[in-house]
Amino acid sequence: MSVTIAQAVWQGLVILFGGTLLGMFYKGLDRKLAAQMQGRIGPPLRQPFFDVVKLMVKENVVPDHAVGWLYNLMPLVSLASVATLLFYLPLGGYTPLLGGYGDLILILYLLAVPSLAMVVGGFAAGSPFATVGAQREMVMMMAYEFPLAITFLSIAWRLSAILPGQPVFSLTVLAANPLWGLVGPIGFIGLLLLFFALLIVTPAELAKIPFDIPEAETEIAGGILAEYSGRNLAMFYLGDAIKMVVMSSLMVALFFPYGLANVFNVAGVWGGVIDVAFFLVKVFAVIFVAVIAVRVGFARLKIGQVTRMFWLPVTGVALLGMLLLTLDRFV
Amino acid sequence: MNNQSIKLEVGGSTACYTVPVGPVHPALKEPIRFHFDLDGEQIVGVDIKPGFAHRGIEYMGMRRNLIQTLYLSERICGICSISHPLAFTQAVENAAGIAVPPRAQYIRTIIGELERIHSHILWAGVGAHELGFDTLLHLTWNVREKCMDLLEELTGNRVDYAIPIFGGVRRDIPAEKAPLAVEALGYYKGLLDQLVDTFLHDKSIEMRTRGIGALTYDQAVELCAVGPVTRAAGVPKDVRQDMPYLAYADMDIKAITPRDLGVEPTGDVYDNIIVRLLEVAQSIEIIEFCLENLPEGEITSIPKVPALLAALKNAEGEGIGRHEAPRGEVIHYVRLVEGQDEMAAWKVKAPTYSNLMSWVPKFLGDEVADIPIIAASIDPCMCCMDRVHIADETGTTSEKTKAELVRLSREKTRRICG
Amino acid sequence: MIFGTLLKQLISRPATNPFPVKYMPKSVTGVLKKVAAGQAAIHPPVPTPKDLRGKIAYDRETCIGCGLCEKVCPARVIELYKPEGEEKNKIRMYVARCTFCAQCVDACPVNALATTEEFLLASPDRFAESLVVE
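Residue numbers (the numbering used here), protein chains in the order written: chain X, 20 to 350; chain W, 277 to 694; chain R, 754 to 887.
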């Protein structure tokens, strides 16, 4: 696989642009469907675009007490890290642009960067609400990172035993070899448990209700984002939109990497189109189940309750899944 | 540390930092300021500063004739837009010795109870929103529309009904409109189980409200809390039960406490939800009783407006009107002087004024995340309550000591009583 | 469980009445002008009941100019004046201030005032022709 620099730049731009558009589209869909479920009309599908444009032209206010350079840098860091993640996603059947240069561990780290950037930005804002929000975000990260890591690592480890010698930590290899058919019944149950754990981690990773504790509009008036405005807020907004796509694509790549092209026996360009379309539908399905339905169906939890929930039941489920996969390996 | 403001602290812990909430904050629907001393996420001290919504309504009311003031009293609060006029008309009727025909008393009761239904449902929605459960907010407010539509049908207005007048009511409930009310009541009866199920059996709501913002029986009695707040703490206090007025005297009204659902009262937010939902059921029963037993006869004792104005002008005396508003007991005091169109004195005590202090024990020991729902749990209404605004010569607000406040309020009482 | 309700609402029509239009138009005044010119239609508001207390109608001929309505009006909507060349006082109502209690209708001894069901009264000009009744 050799790509010239010009090709890489061109492809990179397409992926960046497409990923952002996709994120905004899903965000619009999220708002529209949530509104519909609540019996409202909701905003038009293109509302996120209006929002971003409007934020971009608004004044970028830096509070007096803020640490200016940190405060302005963090939205950029957040957006850059999620945008980098886009290059690692196996879209449909295509090989990701940076597929050969990084693995699951890097993705795990990159996923944590936006949250960390928000924490730093929140502390740098110098407002009590942002400080409380940043503290909460840190606690949240400690709560959900463990089950997230367990899920990713157990799947990769199990695959390594099945495909010795292959780079199993690469997302492409993981997506090309869905585990469901490769493990026995015990492993299958373990995989189901891991899937369930990741399903609960997803809204937390994306800071959606019931886990939108660091932002908690009614409690701390937007928390971390309380002081952000204009261009900075737009970057966080875009980062959030892209992260939603990234998180659900990861889920799809790990658990539902199946394509339709082989089923319909279509090859070539049309096969690719079908696979990409099916991939988008799968991403939407994950967003619907893990984000939209959850955020309209629950009340916001408290930080103590969330930590307890992630440390005991969710981590427990993930560990049990890992244990079952391990058993499956040696049975 | 000043002793002028409402402040209470628990010992043993040192507060790390202070978080101000209000006067403008997403958790507050109306302006009030809290200062919370926090130890981590735990609240260890709270300071409440009201007075941002003072509009000088009593002063304005004493410069208009009584009929004009009646509509002003309706606008003390947008949600209690029948509770204040009901208390006010009773106060004036007591002062002027005007009788109210039984049919008018029943109609007033019906409108008052309809208001309780929509107010409690509105509160449930606001509470859900404070918990971050916007879906329930939209569901409950959608359900509330039926009650608003019925009120619009019966009175001609959706919010400020303009129904009571001194000596009666302004609009009758004709026989052809009664079925509409019966239908709406049937709708709510069918919905109650669902509401109870979604609010009381939802796991995430239960996690956020059980044991949060607790108020003991003794605290409720000591702080003179009123309305659902005190009933949630297990104090069976209800003006409709204790001092029946209007049509309530003809029924057997019992103050609702969580015990009616087999729950031992703790005064927490969960108990507040129970009490308010059960009161919706109670209101439905009351309205059904009133519709069935609506007496025949006049709807007002002085139908002609000039005669009414003259009667009010020639009246002399003082009167008190009480009403159990959805938020608790509202009291109006009125003094009339012969030969004068305006009142000589008007004093309004809104339920939130009595409930304000119960915030302090409710907040202490709970977390930052609980602030919105605890603040909402007493269903506060600042514009009802704010009767004082302290400003010094330079126009900035200042604080008064307890002794000064007592002296000032005694002076005012003397002034009001002539 | 609440999810049953949510799924039901997902496929049913929203409870919101899309009055006057479903989404915010690019130019509100532009749409209003179009509607006034008959080129566009707005979504109708929720039907109102028969006895709605809307804008007050005034029968100038019947009015005897007693001023009772002015006396009871809580919002001081009503202005009593003596038109030139006429014997009796007449009133002028500034609807922008009106609270729609209809106490003036009750007070009028000759029934010169009546409530109508008109309630779409918003206007950027409080002295617009539609907001001053005389």
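Please keep in mind that the hints were generated in silico from the structure rather than gathered at the bench. Cβ coordinates follow ideal geometry from the N, Cα and C atoms, glycine included. One should not assume that every hint holds.
List time: in silico DSBU-like cross-link candidates among lysine-lysine, alpha-carbon distance up to 35 Å [to be verified]:
1) K422(W) <-> K530(W)
2) K453(W) <-> K325(W)
3) K465(W) <-> K305(W)
4) K422(W) <-> K835(R)
5) K688(W) <-> K775(R)
6) K73(X) <-> K775(R)
7) K51(X) <-> K305(W)
Pairwise CB distance ranges, derived in the manner of DEER restraints [said to hold, decoys possible]:
8) P798(R) <-> M336(W): 31 to 39 Å
9) I764(R) <-> E459(W): 48 to 56 Å
10) E839(R) <-> P582(W): 37 to 45 Å
11) N79(X) <-> G354(W): 45 to 53 Å
Listed below are several chain X residues computed to face chain R (Cβ distance under 7 Å; list not exhaustive) [stated by the list, open to error]:
12) V139
13) V315
14) G316
Could you grab the alpha-carbon distance between K73(X) and K775(R) and see if it respects the 35 Å cut-off?
This hinted pair holds, its Cα atoms lying about 21 Å apart.
Holds or violated: K465(W) to K305(W), with C-alpha atoms at most 35 Å apart:
29 Å, holds
So the hint says 45 to 53 Å: do the beta-carbon atoms of N79(X) and G354(W) match that?
At 38 Å between Cβs, range violated.
Is the shortest C-beta separation between V315(X) and chain R less than 7 Å?
6 Å, holds
Checking one constraint from the list: CA of K422(W) to CA of K530(W), max 35 Å. Satisfied?
Given that 35 Å is the threshold and the Cα spacing comes to 26 Å, the pair holds.
Holds or violated: K688(W) with K775(R), Cα cutoff 35 Å?
54 Å, violated
Proposed proximity, K835(R) with K422(W) (alpha carbon, max 35 Å)
46 Å, violated
Has the hinted range 31 to 39 Å been met by the Cβ atoms of P798(R) and M336(W)?
Roughly 33 Å apart at Cβ, these two residues keep to the hinted range, so it holds.
How does the Cβ-Cβ distance of E839(R) and P582(W) compare with 37 to 45 Å: does it lie in that range?
24 Å, violated
When the nearest CB of chain R is found for G316(X), is that gap smaller than 7 Å?
Status holds, d = 6 Å.
Hinted pair K51(X) and K305(W), Cα distance within 35 Å
26 Å, holds
Distance restraint evaluation - I764(R), E459(W), Cβ atoms, bounds 48 to 56 Å:
26 Å, violated
In summary, the structure is inconsistent with hints 2, 4, 5, 9, 10, 11, 12 from the numbered list given earlier, while agreeing with the others.
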